[in-house]
Structure formats: C-alpha cells, structure tokens
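Asker: Residues per chain, in single letters:
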Amino acid sequence: MALKEFRLPDIGEGIAEGEIVSWKVKPGQKVAEEDELVEVMTDKATVTITSPFDGTVKELKYKEGDIVPVESVIATFEVGADAGGAPAAPAPAGEAKPAPARAPAVEAGTPAPEASGEGAGEGDADGSDANGAAVRAAPAARKTVEVPRPSSVPGAGHAVAEPGKVLAAPATRRRAREMGIDLHAVEGTGPRGRVTNEDLERHTAAAPQGVAAPAREPVAAPARPAATPAKAPPRPPVSIPAGEREERRPFRGLRRKIAEAMTRSKHTAAHFTYVEDIDVTELVKLRKEAKALYADEGVNVTYLPFIMKAVVAAMRRYPELNSSLDEANNEWVIKHHYNFGIATDTENGLVVPVVKDVDRKSIVELAREVQELAEATRAGKVSVDQLQGGTFTITNAGNIGGLFATPVINFPEVAILGVHKIKQTPVVRDGQIVIGDVMYLSISIDHRLVDGAVGARWMNVVKDCLENPKKLLLGTL
Amino acid sequence: MTLIEAVTDGLRTEMRNDDRVCVFGEDVGKRGGVFLATAGLQEEFGPERCFDTPLSECGIVGTAIGMAVYGLRPVAEIQFLDFIYPAFDQIVSEAAKFRYRSGGEYTCPLVIRAPYGGGIRGGHYHSQSSEAYFCHTPGLKVVIPSTPADTKGLLIASIRDEDPVMFLEPKRIYRSVKGEVPEGEHYVPLGKGRIVREGTDVTVVAYGAMVGVCEKAADAAREKGRSVEIIDPRTLVPLDEQLILDSVRKTGRCVVVYEAPKTCGFGAEIAAIVAEKACEYLEGPVVRVAGFDTPFPYTLENLYMPDVRRVLAGIERTFVW
Amino acid sequence: MKSARKNSKKSSARAAKAGRSPRRAPSPAPRGKASAAPRKLPGPEANGTGAAIAGPETAYSILRPDGSVLPGRDPGLPAEKLLALYRTMVLVREFDRRMLVLQRQGRIGFYGPIKGQEAATVGSVAAVEPRDWIFPALREGAAAMMRGLPLAQVIAQLVGNSLDRCKGRQMPCHYTFKEGRYVSMSSVIGTQISHATGAAMAARIRDDDVVVLGYMGDGATSSNDFHAGMNFAAVFKAPVIMFCQNNHWAISVPVHQQHAAETIAQKGKAYGMPCERVDGNDVLAVYQVTKAAADRARAGGGPTFIEAVTYRRLGHSSSDDPDRYRDPKEAELWEQRDPIERMKRYLVARKLWRERDDVALAEEIGEEVNEAIRVAEAAAPVPPSSLIEDVFAEVPPGLREHFAQEFPDGPPSPAHPHSH
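In order, the protein sequences belong to chains A, B and C. Counting in my numbering, the first sequence runs from 1 upward without gaps. Counting in my numbering, the second sequence runs from 1 upward without gaps. Counting in my numbering, the third sequence runs from 1 upward without gaps.
Everything labelled a hint here was simulated from the structure, so no lab data went into it. All C-beta atoms, glycine included, are put in the ideal place defined by N, C-alpha and C. Any given hint could turn out to be false.
Restraint ranges, calculated between C-beta atoms of paired labels, are given here [stated by the list, open to error]:
1) G301(C) <-> G71(B): 18 to 28 Å
2) P381(C) <-> K216(B): 37 to 47 Å
3) S162(C) <-> K216(B): 38 to 48 Å
4) R400(C) <-> R256(A): 27 to 37 Å
The list that follows gives simulated cross-link-like pairs (lysine to any residue, SDA-like), each with its CA atoms no further than 20 Å apart [to be verified]:
5) K30(B) <-> V235(C)
6) K277(B) <-> R173(A)
7) K463(A) <-> R448(A)
8) K269(C) <-> V235(C)
9) K277(B) <-> K463(A)
10) K165(A) <-> R245(A)
11) K288(A) <-> G436(A)
12) K58(A) <-> I15(A)
13) K269(C) <-> L314(C)
14) K81(C) <-> G148(C)
15) K277(B) <-> G398(C)
16) K250(B) <-> K423(A)
17) K277(B) <-> T294(B)
18) K250(B) <-> V25(A)
19) K277(B) <-> P397(C)
20) K250(B) <-> A45(A)
21) K237(C) <-> P47(B)
22) K277(B) <-> E401(C)
23) K237(C) <-> L300(B)
24) K250(B) <-> G436(A)
25) K178(C) <-> E389(C)
26) K269(C) <-> H259(C)
27) K115(C) <-> A45(A)
28) K165(A) <-> C279(B)
29) K361(A) <-> D385(A)
30) K277(B) <-> A404(C)
31) K26(A) <-> A45(A)
32) K250(B) <-> A171(A)
33) K115(C) <-> T50(A)
34) K277(B) <-> K269(C)
35) K423(A) <-> A405(A)
36) K165(A) <-> E283(B)
37) K165(A) <-> R49(B)
38) K63(A) <-> E39(A)
39) K356(A) <-> E331(A)
40) K250(B) <-> A405(A)
Just chain A, same shape as in the assembly (with noise of 0.2 Å):
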C-alpha cells in the first residue's frame, strides 16, 4: 500500500484557486480511476474532477466551501500493490514545498538568505525562544568593488560633484585603476568637477611614484564594540562596509507570509488586550521538581504545558476564545477539541506549529512534544500537517525580557495568550509584604465575536489554574 496525494490542478490555464464545491467521495471510500471526485468552481468553470487512482480515499483535506489554491493536496489515497498500472501521482508526493491553508506557518524549508553562524543559542526549548537569532555575517554577497574611499586630500577640485563621488568617463576609470590612482585623489578639470584622462596624467607627473595609493585596499570593518557579558548572547552587531547606509535584504518567502498573514489578522480582527498578573510562586516550585524528575528522560519540563493545561480548564469554561469565524457562511465555528499553535522563533522568521488534542495529553507528553516540535521548527523539518488545524495561539516572549507585549492574533482564529517573563516582585500576601514570582499573561481577542468581560473572566480561570497549580495535577477543573 502507499499513500498518493492528489494536488488541486490548474484546470483552466492560469487559475491560481478554486472553491471545493462539493466532494463525491468520503474518507474510506474505495476509488477505481476516474471515479468522480470532487467539483471545483475556478474563475472560469466548475468541473468534476475525477480520480487518477485506484485505490481508497484516507483523506479529504478541505471541506465545502473551502477556497484552495492550486497545487495544494486536497485529499490523499492509498493506493493498493496490486492495483497494477496505477500512473503516477502527478507530483511526487514530498517533492514540492508545503503549502499549508494559511500563514504564518509556511515554508519551513526555505533556506537561509544568509549563512547562520555558530551561536544558535540553544534555548529552553520554551516554544518561542528569541534567543535562536542565528548570528548573521556580514552581507558578504554584496560586492564591494571600487567603494569609494575618504579622501585623504580634501576635495578641493569636487566643488561641483556631489560629495563622495567622483565624475569620469568609463575609460578614464579604467585607465586610473590600471595606473593604480585613487581617482578621489586627483583633482578633476572637466565640466562639473570631472576626471579627464588629462587629470590623471597631470596627477602622476605631479605625485612621486609611492603616493598614489592602491585604489583596492579593502575596508576595514569598524572595531565591534567590547561584547557585553550577558546571560543570553545577543545578537552581534552587524558589522557594515564603509559606505553602505543602509542594506537590503530580500521580502519575500517566510517574512512575506507573515507580513500578509499578520496584515490580515490586524484589518480584519478586532483586536483589543487584556493583561492580569500571575502569582506563580507555587508553579515555580512545582515545575522545578518536576523538571528534575524527568530530567533523565531528556525531557525539559517548561512552563509551557502547565499554561497550556490551564487554557484548556479557561476553554471549557469559556469556549467562545477557542473559535475561529467563517465569514463566508456567517458561521462562528466553536471547537471543542484543543489544537494550540506554539509561536516559534526560527532563523527566517515565527512559525507556528501545533500541538494537537492538548486536553488529552499529560504535562509530560506535552512538554516533550513541544520540546520535539520546536526543535523540527527550527531545523526546517516540521511537516505541513503539524502546522495545520491549530484553534488556538500561545505565544511566548518570557525569556528575552519585558514587561507584557500585546500579540496579534493568528487570524482566522479568535485569541492568542502572550505569555512573558518571570521576575521575583514584591507581592502582597496575607497582608505581608514577600518576594515572590510574578508573570504577566496577556490575551489578544477578537472583538468582534468576544466581548471584554468575557475574556476577563476566561484569563480568571487561567490564573486561578497558575496560581494553585495542584488544581492542575488534581484535575478538579
């Protein structure tokens, strides 16, 4: 048996999408070749498209209605040995790059622009670690032929140019690199301050042979400054060519995905923010035992199962924020499984890969499946499925630093959880003044579909899950 994707085809010269207008098939179901499969509407016809197997639908991977661009895979097979002659799938499958429903979670596989350097710092495998900025080189790509250099004479003879620049024919800037001349050094007699090849002959005859500097020495990089030590490593600074104000690197792949992802979440969702403060003198306890308990096993035991275990009591509770909105059929869709996309930062950009059923998985299972997820993330590995059907978004910026942010929902979804730094605090309890440890946790809504008391009351139940975290353990939520 093996598995055959079938890809959406472009069945009209051009088209770029189609809406699956209804399915003839279901998963399970035996398909002989050409069997009807599905009927697609494109901007320019609706067809019945048919089966180039034989063999039994596994999976239809979008429903009606869906709009679904061309090339993806729209349902799976498998296709039996002794089905014979079956052709090949029209794609390999594994082949082309995934191309998953919607951002940000996309191309994964997308090689660095630049090379990443040593310094990865391997962090807490928290999810969202920024602490993995790779260290980037220099642009070394971008050529630095006949930078120009400052002038060691004052440009008496470029009054007329403009500053830094040197005006010459092609040939005469030939001829000056070939005599060795710095032409910044000659001064130029020519309309507009420019070189003539009289200029370069007059400025040999005037200059003793060792003068003339060689135009080609390179540019030394300004010294970095001195590395300040630092729990985290941060980012070097780049270091920049003389000359070169600003540089431009490539929009496009990971970063335009998540620009068009993250501009359409902000136009579209009603954003508003709301942030509580967390006592988790408790959790803090709790997960340091825990995290030496299995330690063994090669599993980091985070914080982020325990708020992971803790949104899903909030969903239960309040299963509004665990909800995506279907504006094409003035549906608001609740989900009553719990499917959380962990925000991660990798070299290219956040992607955002999800664990899926979290309500049925332990703190164990799950701290290890995201410390897996993670780590695929980050080396290009995740496959398309693992970034696909989230219901919910956890992001988390707590080991870089900050107060609280306010984060952008991962539309069409309906909510994501910001979750920030721990940081021992002053707190008051039993009218005593103690230091305890204290988080922020802040909640971007949709408000078009949630209101605000809502929400307060959902991130109570979270915070009420933090603060006793035995009520976690115990189950009693």
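Assemble chains B and C onto chain A, guided by the hints.
Answerer: Chains B and C in isolation, oriented as in the chain A frame:
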C-alpha cells in the same frame, strides 16, 4: 549599376540559379513593380514564377508562408514598408514561429522585400522605417543594404537562408547611389558588417540611406580634426556585434544614426550593447542621432531626417559633454 | 440595424412556431445549391436564439439520423473502409474523453475537445490521399492520428515532454507531423487559411499532384486571413479544399452573431468557387463531398469551399464552461444527431457490425489509449538547452552567450510542466 538595378540583378541571378524561387506582390508582374525592381522577370521566367497578386498584404505574406512551408523559396514584395502592417500577424506569429513551434519540423525560408525610409517626399505612408518591430521578433532576420553590390549579395544570401528574412531597401538611394556590382554569382553573408571607412576618434554606426549621410558628415568632421570610423552592420539581425565593439574599443566613442523614431529604435539596441560590453572603453556618452518621436511628416521631412549637420553635432556630443 | 433586428424577430417567431418538431425528417437540399434553400427548417441551434441561419437539416446528407440511407445516395464504399471510418471515430471519441480526464487530473495542462465533430474530421481526411497536405485548426488533431502520428506522441504533445515533436513549445492540441504532411498551427484564428492557399499554389507551380486540405472553424470565417486566403485561392485556382467546421460556437459567440449570411457555405460563391454545405455529423456525406472537391482540385478545377454543419458538444476547451452562456438543451438536441451512433446504425443495418462488437472495440481502444498514456508520461522532460534551439537554423552566438550568462552553472534541471 544603381541599387534598384542590383535588386533586379540579384533576383534574376537567383531565379536562374534555383527554380524554387518565385517573386510576387502587387504590380510586380507585367509592370515590374512600382520601383521597377522586378522589371523583366515575368518575361524571362513566366507568370508562374513572377506574378501579380490581389491587393492584400496579409494574403501576399500568408500565401508566401504556405509556399515556403511547402518547399519553395518565395520572395514577396510589399510595395512600401508602410503597408506591411496588415501582414504583421503573419510575419511575427507565423513566419517567425514555424521552426520553433514545430520543434524544427517545419521551416519558413521566405524573403519579404520592402522599400523603406524617408527622403522621397512620400509623407507618412510612404516613408516609415519600422525595422525595429521586426528586430524585436525572434525568428526573423532583418537585412538592410546600403550599396548596390551589397544589395545583390545580401539579397542572394537572404533567398538562400533557411529562415524568414525581412529585406528592407532604402528607397531614397534606389537610384542616387551607383556602384560596381559583380556579375553573376555574388554572395554577401548575413551577419557580417562592413567598415565603410576607417578612423580613430569616434565610431559612427549607420545603415541604409544613413550611411551616405554619415560619410559626408565624416568628411566635414575631418576638417575639424576628428577621425571618424563608419560601420555599416548590413544586417540588423543577426548583428555583427564584434565589428562594432572592436571599433568602439578602438575609438572610445560611439554615435548611432538611424532615421526611425528615436525611442526603441534599433540604434538604441546598439547603444545598449556598447554600454554593456564596451563600457570601460568609453570616453564619453553613446549618442543617438535619430528621427523624432512623431509620425513621419510630409513637408517637414527635411527637419525630421538626420542630416550631415545633425550627425556632426552628434559626433561632437561624444567629445564635449 | 433596424431592419436586421426586424428580420431576426420575424425569423425568431417562425423558429418558435416550427421549432416543435426538430426531429422532422430532413429535406435533402440539392447539392451545390446551398444558398438556394428557400425553406428554412429551424435547426436546434435556433432554439430561442432567433437565428436567421439555416439549420443542419438543409445540409447535404446521406444518412438520416437513424442511420438509414436516403434513397439513391449510398456511396457504395467497401466494407473495410466503412469499418475503418467507424473505428477511427470511436477511437477519437474515446481519446477525447480520456484527454479531458487527464486534464482534470492535472496530468496535461489544457485540452480542446472534439466531441460531436468526429465525422467532419474523419470523413474529410479519409477522402484525400496521404500525399495531400493538411493545414489544421484546433479541432483536427484526429487528422494527425489518421496520418499515422503515434498516439503516444499525440499525448506527449499534450504533456509537453521530450517525446513531443514540438519539444514542449506549444500549448496542447498544437500538433505537428511533417511525415504526415500535417502542418504545425498557431493559436491565431484563420492564419492557416492563406497558408493552405499558398501551399496549394506552390503545388500548382511545381506541377505536383497534390491537393491541400485547409481547416477552419466558423469563427475563422470572420478573420481577414479567411478573406485573403479564399480570394487568393480562387484567383490562382489553387488546388485547395477549404473545409469549415461550423460547430456553431466560437468560444461563447454563436454562429449567428459571427455573421449575418444565411449559410457560411454561400461565402464561397462570392469568391467565385464552388461551395458545399454538408451535414458534418454524417461521415459518409462528408467523405463524399470532400472526395468530389479533391477530385475537382486534382483535375485543375481549383478550390472548393465546404461548410460542414456540426456541433461542439463540450466547451471550447478545458478552461471553458459552456453552461455559462448556452442552454444545455442545445447540446442534448445534438446528441440525437450523434455522428458515431448514426454510422453504427448504418453498419448494423448493413450487417457489417453488431451492437455487441462495440464491447471488444471499446476494450481494444481503451488498451491502446492506456498504453499510449503510459509511454507518453514516461518520457523525459524537455532538456533546458532546447529553449534557445530552433529559433533559427543555427543558434545565434548572441543568444547562446545570453543563455550562458544567465545560467553560469548550467540551467536548472527541467521540471515536469504540471508539477509546479
């Protein structure tokens, strides 16, 4: 022999040489063409091989394509290049594409002859220089002679070529330019330019009727102490890039002269090639001396056409800028 | 404008009145007098459109839609030939169906279906000699198959790989087959008409015993190349058969919006050439009319213009959805005039075929097509170097230099055209 007589001579020579060659167009049979390019051919070769067609440029070129695909060597005359546009589709979508689109199975070896250019008081519809349209179409060769000898030799080479050729004849010098033309077999290969005159200070690239104008300008420039080298590429496609680049690398200066409207004219392509491949040899800007970006005027054609004064001024602009 | 509108209204009313009995027995029109048919029986295409255009019933036919022969018209073709015509039409129908399926599965990029027009192509190609030239339009791919282009190469053209004679340079259905004298076509409508004339003129100049068969659709009769090609053909008495498949639709424009003449065939008259209006869904009639035209051309009688009245039962192409602009009932009506069914009934009546023979034939053809698909899809992609070849007889140095400059490490490996 005049340039127009050289056309006739070339056609006659090749029709004698190859019985697949047939010549047709409007008024080319009995009358021998409005410029008499085909005079006497019907008498010699009969109405099967030299004949008049109905008045339809797309029909002339369309049927010529059918003949070429079938295996003949048709030479179609378009009375004035200005009238070629009804056949434009046939030329660019069909003739130029046959070899490529059929994976090399079918070819279209035909020649389309057309008088072109200003200077005969022909107004808008008898004076245009639209060579650039055809140069922009992959699959077409574009040939423009400037002397009687080249006319004959290039025409014979065009007829023998395995691909479609636009053979554009500078009608302004049909009769004004005379020269020795070799008798009988005479072949000038496509893609080889000609150094019209050697010089050391500036390269002037010109074709068709502009070559003569540039020669006079070069005489005048000599009096000012400028030594002008004139290059006639003879075929725009394929272009003898090397000849032009060698010359510019030697002189360090380049003027391109063409009578078509300046923007996107073929001279602009030559200027781009020089900028791309001989940049570091340039002592000054590459200058275009060209027609204006206007429809071709009737009474003001002398202002429109590049003349000796304008070519001289263009040469000066490469020195003083 | 006013009078035209009035006319069309009148005929619309007439069509509506008479339109009840579209299946009434056809009244045979006298051959060669297409324009003289005064009695207008509304064809199915007049259904609600108010067309003043003659329907298929007035076209010359041999077989009635039920397969029976009109008295005295049986051309008496040998059984072998009759069966070959039938088998080819069945093959073309199945091929067409399969290619549309492949297109919907993303295995080929585009397809222009033939369904319903099999008889027009098969009958006309069968009527000329293998040495005669063919200048096709979009829906005459069957002609290439009949001339011997292997089915796998036909499909490879649709795929666009190294087995494709066009080397993947043309959209699907733009076949080329020089050995079969089937000429490469462009997508520009009508340009091939004057090519056909030119080739026929060349044949005449060379005194070759060659006739040219030039195809076009009804839409092409509006093009300037139609005018030029027809006029030159007539003026030079070129041995060419101008064969118009009037399938009633130029993408979404119905034939009565394409022109205002009563028939397409009558246009031939204006150019001074004989014209025929034949039932394009009657393979025997198409064969006979084309054969007569070819004989006339060979004998020095010059060109003939044939209008084959047929119907495009599917969309213009795989990118087109005809339900958006025409009444599906129209195609249903034409199903009753199906060319293959009609021929089968004739063969069965003549005891040359049995209904059950279709099963074996379908199986045989199915396997033939399957094998061809397998071979075609297994071919390698077109090599990158092909990009710059065949522009001219030799690759110009400048083009080679440009290619090398853009791909200093060699061109990227080619991708299958349909896996992006």
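Asker: What are the numbers of the hints that this structure violates, sorted from low to high?
Answerer: 2, 3, 7, 9, 12, 13, 16, 17, 18, 20, 23, 24, 31, 34, 37, 39 and 40
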